[in-house]
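In the order they appear, the protein sequences are chains A and B. According to our numbering, the first sequence is numbered sequentially starting from 1. According to our numbering, the second sequence is numbered sequentially starting from 1.
Please note: incorrect hints may appear among the correct ones.
[What the hints assert, rightly or not] Simulated coverage check for chain B against chain A, where a stretch passes if three residues somewhere in it have a Cβ under 8 angstroms from a Cβ of chain A:
1) 20-30
2) 154-162
3) 279-285
4) 295-309
5) 348-359
[Stated by the list, open to error] Some chain B residues well away from chain A (every beta-carbon gap over 10 angstroms; in silico):
6) LYS174
7) GLY182
8) ARG315
9) PRO370
Bear in mind the hints are in silico, worked out from the structure with no lab data behind them. Just so it is clear, CB atoms sit at the ideal spot from N, CA and C, and this is done for glycine as well.
Each chain, letter by letter, is given below.
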Amino acid sequence: MLTYYFRLAILSIKRNPVLSSLMIAAIGLGIGASMTTITVNYAMSGNPIPHKSEQLFAVQVDSWDPNNPFREPNIAPDQLTYLDAMALMRNAPAKRQAAMTKVFAVVEPKGDEALPFDATGRATFTDFFAMFETPFLYGNSWGKDADNNNEMVTVLSKQTNERLFGGENSVGQTITIGGKVYNIVGVLDGYRPTPKYYDVTNGAFNDPEDYYIPFNLVAALQLNRAGNTNCWKPTAEDGFQGFLNSECVWIQFWAELPDKETQDNYLAFLNNYAEQQKQLGRFPRPLNNHIQNVMQWLELQEVVSDNARVIMWLSIMFLLVCLLNTIGLLLTKFSTKSAEIGLRRAVGASKKTLFAQHLLESTLIGIAGGLLGLLLAYGGLHGVKALYGSSVEHLAKLDTNMFFVALGLAISSALLAAIYPTWRACNIQPALQLKTQ
Amino acid sequence: MELKPILSALLRNKTGAILIAAQIALTMTIIVNSVFMIMERRGDMDRPSGTDEANIFVLSYTGFASDFNEQTQIVEDLDYIRSLPGVIDAIQSNSAPLIGGGWSMSLATEEGPDKNGTGTAIYFADDHAVNTFGLNLIQGRDFNPEDITWRNRTDTNWPGQAILTKALAENLFKEDWRNAVGKTVYISETQPINIIGIIETMQAPWNGWNGLERSMLVPQQTLFGGGRIIIRAEPGERDRLMTDIENGLMQNYKGRLVRNVRSMEEIREISYQSHKGTNTILLVLITALTIVTALGIVGLASFSVNRRKKQIGTRRALGATKFDILRYFLVENFLISSVGVVFGALFTVGLNMLLVSTLDLPSISWYYVPSGMILLWCIGLAAVYGPAKKACQISPATATRSV
Numbered sequence: 001m002l003t004y005y006f007r008l009a010i011l012s013i014k015r016n017p018v019l020s021s022l023m024i025a026a027i028g029l030g031i032g033a034s035m036t037t038i039t040v041n042y043a044m045s046g047n048p049i050p051h052k053s054e055q056l057f058a059v060q061v062d063s064w065d066p067n068n069p070f071r072e073p074n075i076a077p078d079q080l081t082y083l084d085a086m087a088l089m090r091n092a093p094a095k096r097q098a099a100m101t102k103v104f105a106v107v108e109p110k111g112d113e114a115l116p117f118d119a120t121g122r123a124t125f126t127d128f129f130a131m132f133e134t135p136f137l138y139g140n141s142w143g144k145d146a147d148n149n150n151e152m153v154t155v156l157s158k159q160t161n162e163r164l165f166g167g168e169n170s171v172g173q174t175i176t177i178g179g180k181v182y183n184i185v186g187v188l189d190g191y192r193p194t195p196k197y198y199d200v201t202n203g204a205f206n207d208p209e210d211y212y213i214p215f216n217l218v219a220a221l222q223l224n225r226a227g228n229t230n231c232w233k234p235t236a237e238d239g240f241q242g243f244l245n246s247e248c249v250w251i252q253f254w255a256e257l258p259d260k261e262t263q264d265n266y267l268a269f270l271n272n273y274a275e276q277q278k279q280l281g282r283f284p285r286p287l288n289n290h291i292q293n294v295m296q297w298l299e300l301q302e303v304v305s306d307n308a309r310v311i312m313w314l315s316i317m318f319l320l321v322c323l324l325n326t327i328g329l330l331l332t333k334f335s336t337k338s339a340e341i342g343l344r345r346a347v348g349a350s351k352k353t354l355f356a357q358h359l360l361e362s363t364l365i366g367i368a369g370g371l372l373g374l375l376l377a378y379g380g381l382h383g384v385k386a387l388y389g390s391s392v393e394h395l396a397k398l399d400t401n402m403f404f405v406a407l408g409l410a411i412s413s414a415l416l417a418a419i420y421p422t423w424r425a426c427n428i429q430p431a432l433q434l435k436t437q
Numbered sequence: 001m002e003l004k005p006i007l008s009a010l011l012r013n014k015t016g017a018i019l020i021a022a023q024i025a026l027t028m029t030i031i032v033n034s035v036f037m038i039m040e041r042r043g044d045m046d047r048p049s050g051t052d053e054a055n056i057f058v059l060s061y062t063g064f065a066s067d068f069n070e071q072t073q074i075v076e077d078l079d080y081i082r083s084l085p086g087v088i089d090a091i092q093s094n095s096a097p098l099i100g101g102g103w104s105m106s107l108a109t110e111e112g113p114d115k116n117g118t119g120t121a122i123y124f125a126d127d128h129a130v131n132t133f134g135l136n137l138i139q140g141r142d143f144n145p146e147d148i149t150w151r152n153r154t155d156t157n158w159p160g161q162a163i164l165t166k167a168l169a170e171n172l173f174k175e176d177w178r179n180a181v182g183k184t185v186y187i188s189e190t191q192p193i194n195i196i197g198i199i200e201t202m203q204a205p206w207n208g209w210n211g212l213e214r215s216m217l218v219p220q221q222t223l224f225g226g227g228r229i230i231i232r233a234e235p236g237e238r239d240r241l242m243t244d245i246e247n248g249l250m251q252n253y254k255g256r257l258v259r260n261v262r263s264m265e266e267i268r269e270i271s272y273q274s275h276k277g278t279n280t281i282l283l284v285l286i287t288a289l290t291i292v293t294a295l296g297i298v299g300l301a302s303f304s305v306n307r308r309k310k311q312i313g314t315r316r317a318l319g320a321t322k323f324d325i326l327r328y329f330l331v332e333n334f335l336i337s338s339v340g341v342v343f344g345a346l347f348t349v350g351l352n353m354l355l356v357s358t359l360d361l362p363s364i365s366w367y368y369v370p371s372g373m374i375l376l377w378c379i380g381l382a383a384v385y386g387p388a389k390k391a392c393q394i395s396p397a398t399a400t401r402s403v
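Just chain A, with the same shape it has in the complex (with noise of 0.2 angstroms):
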């Protein structure tokens, strides 16, 4: 029966080709237009680290301007200060956590034939990569006395090692960063989280860095940093140690506290600690601490831009008129057909089996938008490629999740705009439809 209603269907959309295909292109482009924004919405709110985005706290510490607070409404900063970092990093009871900043440096490949180039990294500490769980192609992380004695040690991004080592295992060879020699310890197998969670101040869509070095040598080098800095008071005393002991905010930090018990202890220690900092005549606002997961985090950076959200909304409005246009086109092709539906009511079949044959029907050309959609979405990604340059290549991109909503909404989408024009098509009076033939 079913292949006898998809013949009747073929043929029943063959029979008014102008009208099925303004109804497939309708819904192919409304398909097409919200799938490219919702796609792109998609990977900018994606979890970067789903089985773990619970357990990782970016860490909060209010240590700014009693008159006005970092940002509105009495948001902390999204950063800590140096001081406030190593306090942190010596005394928290965290199962693992780290300070992070970006640094950057010139490269200066081996040999005379390579030019130097300059590189971005990241400081940070050795649990960064149990932590964020970073995959190794070649060895591994530095130890904890590599932080604690200064060591120079270097992990490697993939990329930097397929640049100056052709992708061979690196481990164990020297690079020069900033004119000082690493060691290099191991290297990186492609990682690159989006968002880059743990680093949104400068740029939640960016690469990740080309390097990683031991958070501690920022200090002991004086390194160039390339990240993000926020003051709210004048530095107290010149030199690198001026800006060390300041009120700037510099550091990204993470902690990894795997239930609520960790969760809480760690909290109050952050309160206790700035209370202590208060007698100290540091921290002038109201207590204002707080230790947000990955997910809250996004959210309270506002990571997908308003922007990207608007053009979505718009984008689905798109298909709003698409589906209401396609329910006219639909209403306008059954009534031609009210004669045939007369008919074969009258000769015994239900209203039910003509739902369904118009519906298997209606069902068809949504599969057909809904493929000419995402043939569009496709394109349509391409297009964001290209209009937005390289800071959005990793969030055009459909994957087989997408491909699947994207189909199910063309033919839901279909479904729904065919319900009203079939049930009316089916409700007519068989004898008046035979009367006037």
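Place chain B on chain A using the hints.
This is chain B only, laid out in the frame that chain A set:
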């Protein structure tokens, strides 16, 4: 006029009319708000940077070799560049308008902590800055060579004088900005700065900042290990000089990296890339939307013409002219569109209010709404014109035939 029969015919077949009216309302909502957002963004993009954009280019350098002496290198590099034929002038600075990265500080008219400050972008530059950027000095004087000092990365002291943009002076002194030259403002809470000059316009490095027009020239050259060199070329010489100078600098000294050699035009392009991208997306969206809506109207109108073939034939046979038939369909569409655009106007304002609260967008100007209504009326009439024209061609003889 035959309004009454048209209305009663419409009311007998409401669904089709409602669908078209709803489409028109939604289409208008999307189109008007999108066009408004596009125009807002265009307005942002059209703000002048205050510099001679067509002839300026910027390069970045980073020193890395152990024998890199930034101070002598800057002097050497600037001497070399300024001596080249085709170069009008050049400076070393920390940043440039629209380039994305820079330094900001807060200025106040009173000394001491807890004073209400005004944020400003900082450009460190020497006495060639006004000439290199092509700025318009409207009051006071330019820096003298002896005003210029060197600044280390972690210095916290500020020189005692600066040149401000008009927008910055207005923000600090309100209407009194014309008398700002000679006045003192405070940086870092307690350090006095004497305003020696006012420039008309110079944008900050960040296009998204609401203080974009607020910048300050500070008479210092930076020893931060790396920086930027801004070069202004004579008309037509820029592209040649971009390659020549990059190669020349690398040849002169290999211990610093020269990179990101970009014209101001390119910098503007990069800075507004997402503005442009969003505008293009909105434009594609509203074009597709217009087509879909118009085709929908064509489809439904053709259908209704087909269905009424016999009636049309009868009317023609009873003496209606071709024009009467044409008018019938146009008036019918106009009525439907009118309902659509009235709701469209309401939705448009509603969506705009939503955008104002979520996107910090300004309220829509009043004339957008009537323009949108007229546009949608026109789209509707244009779409229905084809099928209506066809309807006129129906011969009166059709009435005598059975379908």
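Status of the hints after comparison with the structure:
| no. | hint | result |
| --- | --- | --- |
| 1 | 20-30 | holds (count 7) |
| 2 | 154-162 | holds (count 4) |
| 3 | 279-285 | holds (count 5) |
| 4 | 295-309 | holds (count 6) |
| 5 | 348-359 | holds (count 3) |
| 6 | LYS174 | holds, 21 angstroms |
| 7 | GLY182 | holds, 25 angstroms |
| 8 | ARG315 | holds, 20 angstroms |
| 9 | PRO370 | holds, 21 angstroms |
Of the hints listed earlier, there is not a single one the structure fails to meet.
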